[in-house]
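Letter by letter, the chains look like this.
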Amino acid sequence: MQKQRLMLIFVTLLTIAALLVIVRFPTRLGLDLQGGAQLLIQVKPSEEITQVGERELAAVKAVLENRVNGLGVSEPIVQTVGTDQISVQLPGVSDPQQAERVLGGTAQLEFRKQRLGTDAQLQAELAVRQGLLAQQEQLRTSGDEAAIAANQAALERSNAAIQALFEPAQPTPLTGKYLRDAGPQPTQAGGWEVVLRFDAKGGEIFADLTKELAGTGRTLGVFLDNVLLTAPVVGPEFAETGITGGSAVITGNFDAQRANELGIQLRGGALPLPVEVVENRTVGATLGRDSVQSSIYAGVGGLILVLIFMVAYYRLPGAIADLALVLYALFTFAAFKLLGVTLTLPGIAGFILSIGMAVDANVLIFERTREELRAGKTLYRSVESGFYRAFSSILDSNVTTLIACAALFWLGSGLVRGFALTLALGVGVSMFTALTCSRTFLLTAISLPELRKPELFCPNLPKS
Amino acid sequence: MKLHVIQQRRFWWMISLAVILSGLIAMAISWQQFGAPLRPSLDFVGGTRLQLERDCTQPNTCQQPIDLAKVRQVVAAQGLSAGNVQLLGAERQGVSIRTTTLTVDQRTALQSALDAELGPFDPLRTQIDTVGPVIGRQLLVSGLMALIVAFAGIIAYLTLRFQFDYAFFAIVALFHDVLVTAGVFAILGLTAGVEVDSLFIVALLTIVGFSVNDTVVIYDRVRETIKQNPTGKIDAIVDASVNQTLARSINTTLTTTLPLLAILLFGGATLKFFALALIIGFIAGAYSSIFIASTLLAWWRERSEAPEGGQSVSTPQSEGESS
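Protein chains in written order, with our numbering: chain A, 232 to 695; chain B, 18 to 340.
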C-alpha cells in the first residue's frame with residue numbers, strides 16, 4: 232500500500248509537470264501545418280571542384296544563410312542534408328517564387344573599390360545597417376511578419392546605398408573565381424585575422440586594385456551577392472606595388488568566431504559551385520491550418536471512441552485504462568514539447584496511432600486478468616498475474632515496433648523521420664503508462680472495498 | 018466463439034492467396050500502364066503539382082465552378098502538356114495541376130495566367146510541390162532500405178526471443194500484410210486513380226512494425242503453452258493459443274483502427290489514404306497472425322518434429338534454409 236501511495240504521488244507530480252510543460256513550452260508546428268516553403272537545394276560539383284566535401288558544403292550553406300537572411304523570414308532554418316544537399320525551411324513565406332529565385336543562383340563574390348570622398352557616407356550607412364540588422368534580429372524572435380518585411384525593405388535600401396558608394400571594378404573585375412582559399416588564422420598578438428589566397432591571375436588583379444587604394448583611405452569592399460561583407464583599408468606601405476604575391480590578410484578586431492564566419496563566407500563566394508532547387512514544397516498558411524484542425528478533430532474523435540469502447544468492454548479496468556490513456560496523451564505531448572519535436576502531419580498521425588498502441592498493452596493485461604479470474608483466482612492475484620504474464624508480450628511487441636521506427640528514423644527523410652520519432656516516443660511512454668499508471672490505479676482501486684468486486688472486472692463470471 | 022484454425026488452414030490460406038494474387042495481377046497491369054507496380058505520385062517520379070483555390074472572400078468570384086476546359090486551355094497556352102488536371106472540393110473552386118518539373122519562371126507564368134483567367138486565387142490556400150526525379154529515387158531507395166533493415170531487425174529480435182522458425186513465419190506473415198496492402202492500392206490505382214506517395218512507404222513500415230505485434234502475442238502464448246505442456250501436440254497448442262488471444266486480437270485491431278477510421282473520414286486530404294493503407298494493413302496483420310503465421314508454424318513443426326512431439330528442436334537455422 233505504501234508503495235502504491237508513493238507511485239500515486241509520483242504520477243500526480245508527473246502530471247502536474249507535464250501540464251506545466253504543455254502550458255509553458257511552445258508547440259513547434261512543421262511547415263506542412265503552419266504553412267511555408269521547404270526547399271531542398273542540391274549542391275552540384277563543377278569542373279574545378281568535382282567532389283563536394285564537407286568544407287564546400289559548409290561554405291555553400293553560409294552563402295545560403297546570407298541569402299535566407301536577405302529574405303526577411305521569421306525563424307528560418309538552414310540545415311545540411313546528407314553529403315551534398317541543404318534544406319531550407321521558410322515558415323510563413325509569402326512569396327515562394329522569390330525565395331526560390333534568390334536561393335537558386337551561384338554565389339557572387341566581388342571585390343570593389345570605394346568611390347572617392349565617400350568615407351563619411353560609408354560610415355553613416357554602415358551604422359544605419361548595423362542598427363537595422365540588430366532590429367531584424369529582435370523582430371525575428373517576435374514573429375511580427377509585417378514589421379520584419381518593413382525592416383527588410385529598409386535593409387535592402389541600406390545595402391543598395393552602400394553598394395552605390397563603390398565602383399564596379401574595371402577593367403577586369405576581381406570575383407570569387409580567382410579566390411583559391413580563405414580562412415581564419417591566429418595573430419601573434421593573440422587575436423584573429425582572415426587570410427585570402429588568390430590564384431596567379433587573381434593575385435595580379437588584386438595587386439593592381441590595392442595599389443590604387445593604398446594610402447588613400449578608400450576601402451576595398453568585399454561583396455557577396457551584392458551585400459557588403461567587409462571593407463578593409465589598404466595601408467600606405469603598399470602604395471608602390473600593391474599587395475603582391477597572391478595572398479593577403481584582413482585584420483581587425485576579429486574574435487575566433489567572427490574570423491571563421493568571414494572565412495566561410497569568403498570561401499562560399501569563391502566556390503563556383505552551382506546550386507539547384509531540387510525540391511520545393513510550399514503550403515499556404517490557411518491550408519496548413521485546416522489540416523491541423525481536421526486532424527486534431529479526427530484524433531480527438533478517435534480517442535473518444537476508444538475510451539468509450541474500453542469502458543463498455545472492460546468495465547472498471549477499462550475506465551482506469553482510460554485515465555491512464557489520458558495521462559499518456561498528456562505525457563507524450565509534454566515530451567514532444569520538451570524535446571522540441573516539430574509536429575508535422577505524419578507526426579500527428581504517429582501520435583494518434585501510438586494511442587492505439589497504448590491501448591493494446593492495457594487490452595493484453597485485462598484479457599489476462601479475465602482469464603485468471605475465470606480460472607478461479609482471487610481478484611488481487613488475477614490483477615497481479617495479468618500484469619506479470621502480459622509483460623513479455625508487451626515488451627516483445629513494442630520492441631518490434633521500435634525496430635521499425637529505428638529503421639525509419641535512420642534511413643528516412645524529413646517527414647518520415649518525424650513520424651518515426653513521434654511513434655517511437657509514443658511507444659516508450661505507452662509502456663510506462665500501461666505498466667506503472669494502470670497498475671498503480673488498479674491496485675489502488677482493489678484496495679477499496681466498494682470496488683473490490685470481480686463483476687466490475689469481468690461480467691458473466693461463472694460463480695465458483 | 019471458437020476457431021479451428023488448424024483444421025481449416027487450407028481454406029484460410031486460399032483466401033490470402035486469392036487476395037494476394039489479384040493484387041499481383043493489378044500490379045502487373047499497373048506496370049504496363051505506369052511502369053511501376055503502383056500508380057506513383059509526384060514523390061517518386063518527380064514533377065510539379067500546383068494546387069490552387071479561389072479566393073471566395075471577394076464579391077462575385079465563386080459563383081460558378083472552375084471550368085476544367087478553360088484550365089486546360091491556359092495550361093496549353095503556356096506550352097505545357099495538360100496531362101493531369103483535376104478540380105478539387107465540393108464546390109469545385111479548387112484545381113490541381115500536375116506537370117513535368119517546372120522552373121520558377123515557368124511556374125510563375127502559369128500561376129499568373131491562371132490567376133488572370135480564372136482567379137483570383139488565394140495565395141494562403143496555395144500548395145506547390147516540386148520534386149526532382151533524383152529526389153523521388155532517393156525516397157524510394159531509402160524507403161526500401163528502411164523496409165529491409167526493419168525486416169532484418171525483426172528477424173534478429175524474434176530469433177533471439179523465440180526461435181528462427183518463429184521469426185521466419187512472422188516475416189512470411191509480414192510479407193503477406195505488405196502484399197495485401199500494396200495489392201489493394203494497386204487495384205485502387207487502376208480503378209480510382211489513387212496514387213502512392215512517400216507516406217505510403219511510411220504506412221508499409223508502420224504495418225510491418227505493428228502487425229508483427231499480433232503475431233508476437235500469439236507466439237508468446239504458444240511458447241508459454243509449450244512450456245506448461247511440453248508433450249502436447251503442436252496443432253492443439255496453436256489452436257488453443259489463437260483462441261485464448263482472439264479477444265485481444267479483435268479488440269486491439271478495433272482500438273487501433275477506430276482513430277484511423279476517424280482520420281479517414283474527417284482528417285485532412287493528405288492523411289486520408291495514409292489512414293486507409295494502415296487500416297487495410299492492420300486488418301491484414303490481424304488476419305495473418307491468426308490464420309497464416311500460426312498455422313504455418315504448426316504445419317512446419319508438425320512436419321519436422323518427431324512423432325512423440327516434445328521440444329526436441331534441432332538446429333533451427335537449417336530448418337529455415339530448407340523451407
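To be clear, the hints were calculated from the coordinates, so they are not data collected in a lab.
Keep in mind the model is a prediction, meaning the values are calculated, not measured.
The beta carbon of each residue, even a glycine, is placed where N, CA and C say it ideally should be.
It is possible that some hints are incorrect.
[Claimed, not checked] Label pairs and their calculated CB-CB ranges: (1) A/P690 with B/V158: 31 to 37 Å; (2) A/G414 with B/K289: 51 to 57 Å; (3) B/D84 with A/R332: 41 to 47 Å; (4) A/R411 with B/A286: 38 to 44 Å; (5) A/A378 with B/A286: 42 to 48 Å; (6) B/Q103 with A/T243: 26 to 32 Å; (7) B/Q49 with A/A378: 33 to 39 Å; (8) A/S373 with B/V158: 39 to 45 Å.
[Said to hold, decoys possible] Facing chain A, according to a computed beta carbon distance under 10 Å, are these residues of chain B, among others: (9) I37; (10) L41; (11) T117; (12) T120; (13) T147; (14) Q155; (15) M162; (16) L164; (17) F181; (18) I204; (19) L205; (20) R240; (21) I243; (22) P247; (23) L278.
A quick look at each hint next to the structure:
no.	hint	verdict
1	A/P690 with B/V158: 31 to 37 Å	53 Å, violated
2	A/G414 with B/K289: 51 to 57 Å	52 Å, holds
3	B/D84 with A/R332: 41 to 47 Å	31 Å, violated
4	A/R411 with B/A286: 38 to 44 Å	52 Å, violated
5	A/A378 with B/A286: 42 to 48 Å	34 Å, violated
6	B/Q103 with A/T243: 26 to 32 Å	53 Å, violated
7	B/Q49 with A/A378: 33 to 39 Å	57 Å, violated
8	A/S373 with B/V158: 39 to 45 Å	42 Å, holds
9	I37	21 Å, violated
10	L41	24 Å, violated
11	T117	14 Å, violated
12	T120	9 Å, holds
13	T147	4 Å, holds
14	Q155	7 Å, holds
15	M162	5 Å, holds
16	L164	8 Å, holds
17	F181	15 Å, violated
18	I204	23 Å, violated
19	L205	19 Å, violated
20	R240	9 Å, holds
21	I243	14 Å, violated
22	P247	18 Å, violated
23	L278	7 Å, holds
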